[in-house]
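S.K.: Each chain, letter by letter, is given below.
Number of protein chains: 2
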Amino acid sequence: MEQFILDTSLFVNPACRKQFGKTPETAVTGFIKKAKTKKSKAEFYMPPLVFKELSHFAEKGASKLSTIVRKRAPNLYGIYIPAPILYSFIEDVRHRINKGLRVAEEFAQDNQPDNKIKLNKLRAKYREAMRKGMVDSREDLEIILLAYELGAIIVTSDEGMIEMANKIGVQWIEAERFGALLNAL
Amino acid sequence: MEQFILDTSLFVNPACRKQFGKTPETAVTGFIKKAKTKKSKAEFYMPPLVFKELSHFAEKGASKLSTIVRKRAPNLYGIYIPAPILYSFIEDVRHRINKGLRVAEEFAQDNQPDNKIKLNKLRAKYREAMRKGMVDSREDLEIILLAYELGAIIVTSDEGMIEMANKIGVQWIEAERFGALLNAL
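Heads up: the protein sequence lines correspond to chains H and R, in order. Just so we're aligned: 462 in the numbering used here is position 67 of the first sequence, and the numbers increase by one with no gaps anywhere. Just so we're aligned: 497 in the numbering used here is position 102 of the second sequence, and the numbers increase by one with no gaps anywhere.
The hints are simulated quantities; they were obtained by calculation from the structure and are not laboratory data. A couple of the hints might just be wrong.
Stated by the list, open to error - Straight line, CA to CA, 20 Å or less: simulated EDC-like cross-link-like pairs of lysine to aspartate or glutamate: (1) K429/H <-> E554/H; (2) K494/H <-> E501/R; (3) K511/H <-> E558/R; (4) K520/R <-> E501/R; (5) K516/H <-> D505/R; (6) K431/R <-> E397/R; (7) K455/H <-> D505/H; (8) K429/R <-> E397/R; (9) K511/R <-> E500/R; (10) K494/R <-> D487/H; (11) K520/H <-> E501/R; (12) K433/H <-> E397/H; (13) K513/H <-> E500/R; (14) K520/H <-> E500/R; (15) K527/R <-> E448/R; (16) K520/R <-> D505/H; (17) K511/R <-> E500/H; (18) K413/R <-> E571/R; (19) K527/H <-> D487/R; (20) K527/H <-> E571/R; (21) K516/R <-> D505/H; (22) K447/R <-> E486/H; (23) K434/H <-> D487/H; (24) K494/H <-> E454/R; (25) K513/R <-> E397/H; (26) K516/H <-> E500/R; (27) K513/R <-> D505/H; (28) K520/R <-> E501/H; (29) K494/H <-> E500/R; (30) K520/R <-> E500/H; (31) K520/H <-> E544/H; (32) K520/H <-> D505/R; (33) K511/H <-> E501/R; (34) K520/R <-> D505/R; (35) K511/R <-> E420/H.
Unchecked claim - Simulated restraints on C-beta separations: (36) A519/H <-> G528/R: 38 to 48 Å; (37) Y475/H <-> K466/R: 45 to 55 Å; (38) E486/H <-> I563/R: 48 to 58 Å; (39) N510/R <-> E523/H: 22 to 32 Å; (40) K494/R <-> D505/H: 15 to 25 Å.
For glycine and all other residues, C-beta sits at the position ideal for the given N, C-alpha and C.
Build out the structure end to end from the sequences listed, making use of the hints.
M.R.: So, in structure tokens, the structure goes:
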């Protein structure tokens, strides 16, 4: 029996969800249909926080999904992780804080009055510097820790999650390839 | 035998070092003198990275210090930490990233041409939002992990280190009070 931990990107990211449906809601319905045919071969999990996150994009879907996807948080207080995980995370955050300041300085020095465009650009650049490729939410970390605890496989297209999964010896499959993998089970 | 892990703040922060000397260099000399009288009752440690950090403030001192303070890094690859430490750290970083963006937006919208003053203000506010009260360097984390590994006592005035020490059950003493504690040994 294979165990899979699903990230919301499977249903939210257009490139990922298209294997199951056009919108988040239809992608969830399409996934449920497919998943039911694999019930004897695969178990699916999502931490409750991730269910909640998904419900912002597909409210009906998130509630239907719990017939086939198990709600399970990691046993946070029972899990110990190797110290180098935190060590390299702090090092990464430190570099990002410096990059974020460079972005802030650039926009503080640009005294042009087109504030709306400027603010949007600032937000995009800051987000890129601070968050892209980093585990930046409890949701992401819960998926990694649940997979670590269960010895399960993460289904995601998130670079930051994949990087941490690789550091801690957790299996993952690109969300884009998950439909094909289910077919092959 | 008590074991103490020293943070650079003991010699660098004026409020902390004044119990041993007026400048970082004389504070180191003053500490060495005092520490030698307590050799049978206390062991002192600093991770090599922290020695290096101190040498930027007190080059001669850092080199003299190794006669009484042991150079010892934590056994990083042998230490496991409870997952909630990383969980709450990621949550804290997420809030700080948002606060940092608010600071950046504020300065991007302020179209006054006084750029030098503006940049200094931006840096101070950004630093306050992003780093104050957080473990934000490998040096800080090495001190915490070494104390965790040895069951030793951290000597520091850093809020972020104290907060993490409290989460992981590590003893600490305010650097300001360390001279008095040595006297009482």
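S.K.: All the hints need checking, so say for each whether the structure fits it.
M.R.: Results for each hint:
1. Taking the CA atoms of K429/H and E554/H, the gap is near 26 Å; set against the 20 Å cutoff, the hint is violated.
2. This hinted pair checks out: K494/H and E501/R have alpha carbons roughly 18 Å apart, not beyond 20 Å.
3. A threshold of 20 Å between alpha carbons decides the hint, and for K511/H with E558/R the separation of about 39 Å lies outside it, so the pair is violated.
4. The suggested pairing of K520/R with E501/R holds, with an alpha-carbon distance near 10 Å, which does not exceed 20 Å.
5. Distance hint between K516/H and D505/R is fulfilled; the C-alpha atoms sit about 16 Å from each other, no more than 20 Å.
6. Between K431/R and E397/R, the direct Cα distance comes to roughly 14 Å. Compliance with the 20 Å bound is thereby established for this hinted pair.
7. With a C-alpha separation of about 45 Å, the suggested pair K455/H and D505/H falls outside the 20 Å cut-off, and the hint is violated.
8. Between K429/R and E397/R the alpha-carbon distance is near 15 Å, which keeps this suggested pair within the 20 Å criterion.
9. Between K511/R and E500/R, the direct Cα distance comes to roughly 17 Å. Compliance with the 20 Å bound is thereby established for this hinted pair.
10. Of the supplied pair hints, the one linking K494/R and D487/H holds, its CA atoms being roughly 18 Å apart against a limit of 20 Å.
11. Our distance criterion of 20 Å between C-alpha atoms is met by K520/H and E501/R, whose separation comes to about 16 Å.
12. Between the alpha carbons of K433/H and E397/H the distance comes to roughly 10 Å, so the proposed pair stays at or under 20 Å and holds.
13. Proposed proximity of K513/H and E500/R is supported: the alpha carbons are some 9 Å apart, at most 20 Å.
14. Restraint check: the Cα-Cα separation between K520/H and E500/R comes to about 12 Å, which is no more than 20 Å; the hinted pair holds.
15. Among the hinted pairs, K527/R with E448/R is consistent with the structure: their alpha-carbon atoms are about 19 Å apart, no more than 20 Å.
16. Among the hinted pairs, K520/R with D505/H is consistent with the structure: their alpha-carbon atoms are about 18 Å apart, no more than 20 Å.
17. Distance check on the hinted pair: K511/R and E500/H sit about 11 Å apart at the alpha-carbon level, within 20 Å; holds.
18. At roughly 8 Å between alpha-carbon atoms, K413/R and E571/R fall within 20 Å of each other, so this suggested pair holds.
19. Taking the CA atoms of K527/H and D487/R, the gap is near 17 Å; set against the 20 Å cutoff, the hint holds.
20. In summary, the hint linking K527/H to E571/R is not supported, as the alpha carbons are separated by about 40 Å, beyond the 20 Å threshold.
21. For the hint pairing K516/R with D505/H, the CA-to-CA distance comes to about 16 Å; that is within 20 Å, so the pair holds.
22. For the hint pairing K447/R with E486/H, the CA-to-CA distance comes to about 17 Å; that is within 20 Å, so the pair holds.
23. Restraint check for K434/H and D487/H: the C-alpha separation of about 40 Å exceeds 20 Å, so the hint is violated.
24. The suggested pairing of K494/H with E454/R is violated, with an alpha-carbon distance near 29 Å, which exceeds 20 Å.
25. A hinted pair counts as satisfied when its Cα atoms are at most 20 Å apart, and K513/R with E397/H does not qualify at roughly 56 Å.
26. A distance of roughly 11 Å separates the Cα atoms of K516/H and E500/R; the hinted pair therefore holds under the 20 Å criterion.
27. The suggested pairing of K513/R with D505/H holds, with an alpha-carbon distance near 12 Å, which does not exceed 20 Å.
28. A threshold of 20 Å between alpha carbons decides the hint, and for K520/R with E501/H the separation of about 16 Å falls inside it, so the pair holds.
29. For the hint linking K494/H to E500/R, the alpha-carbon distance of about 15 Å falls within 20 Å, and the restraint holds.
30. Restraint check for K520/R and E500/H: the C-alpha separation of about 12 Å stays at or below 20 Å, so the hint holds.
31. Pair hint K520/H plus E544/H does not hold up; C-alpha atoms about 35 Å apart against a cutoff of 20 Å.
32. Distance hint between K520/H and D505/R is fulfilled; the C-alpha atoms sit about 18 Å from each other, no more than 20 Å.
33. Distance check on the hinted pair: K511/H and E501/R sit about 13 Å apart at the alpha-carbon level, within 20 Å; holds.
34. Only pairs whose Cα atoms come within 20 Å are accepted, and K520/R paired with D505/R is accepted, the gap being roughly 14 Å.
35. Restraint check: the Cα-Cα separation between K511/R and E420/H comes to about 51 Å, which exceeds 20 Å; the hinted pair is violated.
36. A519/H and G528/R have their C-beta atoms about 28 Å apart, which leaves the hinted 38 to 48 Å range violated.
37. Taking the beta carbon of each, Y475/H and K466/R are about 27 Å apart, not inside 45 to 55 Å as hinted.
38. For E486/H and I563/R, the hinted distance range of 48 to 58 Å is not satisfied, since their beta carbons lie about 19 Å from each other.
39. For the pair N510/R and E523/H, the beta carbons lie near 24 Å from each other, so the given range of 22 to 32 Å is met.
40. Checking the proposed 15 to 25 Å range against K494/R and D505/H shows it holds: the Cβ atoms sit about 22 Å from each other.
The earlier numbered hints that this structure contradicts are 1, 3, 7, 20, 23, 24, 25, 31, 35, 36, 37, 38.
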